[in-house]
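Full structure from sequences and hints, please.
Every position in the sequence shown, counted from 1, becomes a number in the working numbering once 39 is added.
Source of the hints: derived by calculation from the structure; they are not laboratory data.
Derived DSBU-like pairs: lysine-lysine, alpha-carbon spacing no greater than 30 Å straight-line:
hint, residue 1, residue 2
1, Lys410, Lys355
2, Lys422, Lys388
3, Lys355, Lys340
Just the calculated beta-carbon pair ranges, DEER-fashion:
hint, residue 1, residue 2, range
4, Asp423, Leu129, 46 to 54 Å
5, Val116, Val80, 48 to 56 Å
6, Val320, Glu228, 49 to 57 Å
7, Val76, Cys101, 31 to 39 Å
8, Ser404, Pro344, 23 to 31 Å
Quick caveat: nothing in here was measured; it's all calculated off a predicted structure.
Note that the Cβ used here is the ideal one computed from N, Cα and C, for glycine as well.
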Amino acid sequence: MRVVPTVVLCVLQVVVIVFIVVLIVVLTVVPTVVLCVLQVVVIVFIVVLIVVLTVVLTVVLCVLQVVVIVFIVVLIVVLTVVLTVVLCVLQVVVIVFIVVLIVVLTVVLTVVLCVLQVAVYMAKRDFVDHCDFVDPVDGVILIDPVQLKGRKVYVMLSCTFRYGRQDMDVMGVAFRRDLFVVTRQVYPELQDKEKLTHNKIQQKLLRKLGDNAFPFFFEFPDNLPCSVALQPGPSDVGKKCAVEFEVKAFCGEIQDDKVDKQSSVRLNIRKIQFSPESSKVVPTAETTFEFLMSEKPLHVKLSLPKETFYHGEPLKANVEITNSSSRNIKDISVSVEQVTNVVLYSNDKYVKSVAKEETSDSVPSGTSLKKEYTLYPLLAHNKDRRGLALDGRLKHEDTNLASSSMYETTLQTLSTRGNIWTHSCLSAHSEVSLEVPFRLMNPKPEPVAPTRSCKKLKKF
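Rendered as structure tokens:
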């Protein structure tokens with residue numbers, strides 16, 4: 040019975056030993072195999088990676104080479120096209136510039152030649168209306184017969200009344216009327232120079248300018264208005280409503296040819312009036328008002344120290360009020376008004392206040408007032424007031440309020456006069472007014488001694 044267990048134990052020992060040996064062998068062999076396999080896998084991976092990277096880099100380099108080559112080709116093409124376009128544009132610009140330069144030079148030379156064809160010399164631009172006669176318009180015109188090429192030369196004196204702005208002209212009809220136009224041929228001569236020479240200045244000019252200088256002479260007709268204009272508003276453009284005088288020299292085949300601006304010379308002149316000899320007349324107006332429920336009247340008197348005042352001179356008005364009525368007089372005001380008659384299709388009258396003094400002076404019932412009021416009718420106090428009548432001016436020279444017209448005219452034109460008013464309030468709805476006319480003019484200048492030279496003459 041003891042032999043069996045011993046055998047079993049021996050067998051078990053052998054089995055255990057075999058198992059351990061096998062396990063040891065397995066544990067020794069398996070890691071080695073695994074390591075070998077891993078080594079092989081790593082080697083294969085590295086080889087594959089190297090191959091892939093090599094291929095990828097090769098492809099990328101090829102693509103980059105292609106891109107660079109394409110970019111360079113495109114850049115060359117673009118630069119070529121741009122340079123070609125720029126050169127073409129520059130050629131066009133140069134050609135256009137040359138053409139424009141040629142045209143401008145041609146026009147300038149034409150203008151210069153045309154300007155040199157006619158030159159007008161005048162000793163003055165202001166011509167005085169002395170009521171019984173007007174200073175004649177005279178001067179000398181210088182021409183170049185070679186440049187005229189057989190054309191004739193004319194001189195025109197015109198008086199124009201523009202009664203609307205230039206931008207209002209419609210359908211080719213201008214808002215203007217020629218009050219006086221006279222044209223005379225200067226070259227070729229129709230009369231001897233001696234017959235057309237009326238003063239020493241013309242004689243000196245003819246001697247100085249030579250054989251190509253010719254005199255001209257015009258006389259104003261009676262009752263032509265003086266130079267006057269209506270002041271435009273701040274936003275108005277173009278020519279204003281005005282009476283204007285112009286001397287124009289031009290050349291043409293016949294007198295009625297259309298005048299080319301490049302072949303003509305225009306010169307604005309003025310017709311002016313100076314104050315006449317001072318008169319002893321004292322402008323005065325007075326009136327008497329009678330009221331219901333009042334036994335005694337109200338007497339108002341307005342007077343001026345003289346009939347004619349000069350531009351820039353203060354105007355002093357004497358007001359005398361004798362209030363014998365039962366009413367109270369208050370808020371006395373004195374104003375200077377400019378009255379402009381525009382004679383067109385009807386006789387329109389425009390009244391504008393140019394100076395005013397409002398006071399709180401009062402004259403109670405049974406009292407009297409005698410006071411002098413001073414007013415200043417100046418253009419400086421009426422700037423930018425549309426419709427005021429102004430004396431005509433040349434270019435941008437200073438001017439003043441229009442001088443009073445010395446006589447009435449039936450021509451379609453402008454005329455002005457001045458009035459001074461006094462207003463006195465009787466109640467909230469009634470007032471007493473009185474008007475006195477006067478003249479506002481330029482003083483007559485001192486006579487100037489004649490000069491022996493023509494140095495002060497201007498060429499226009």
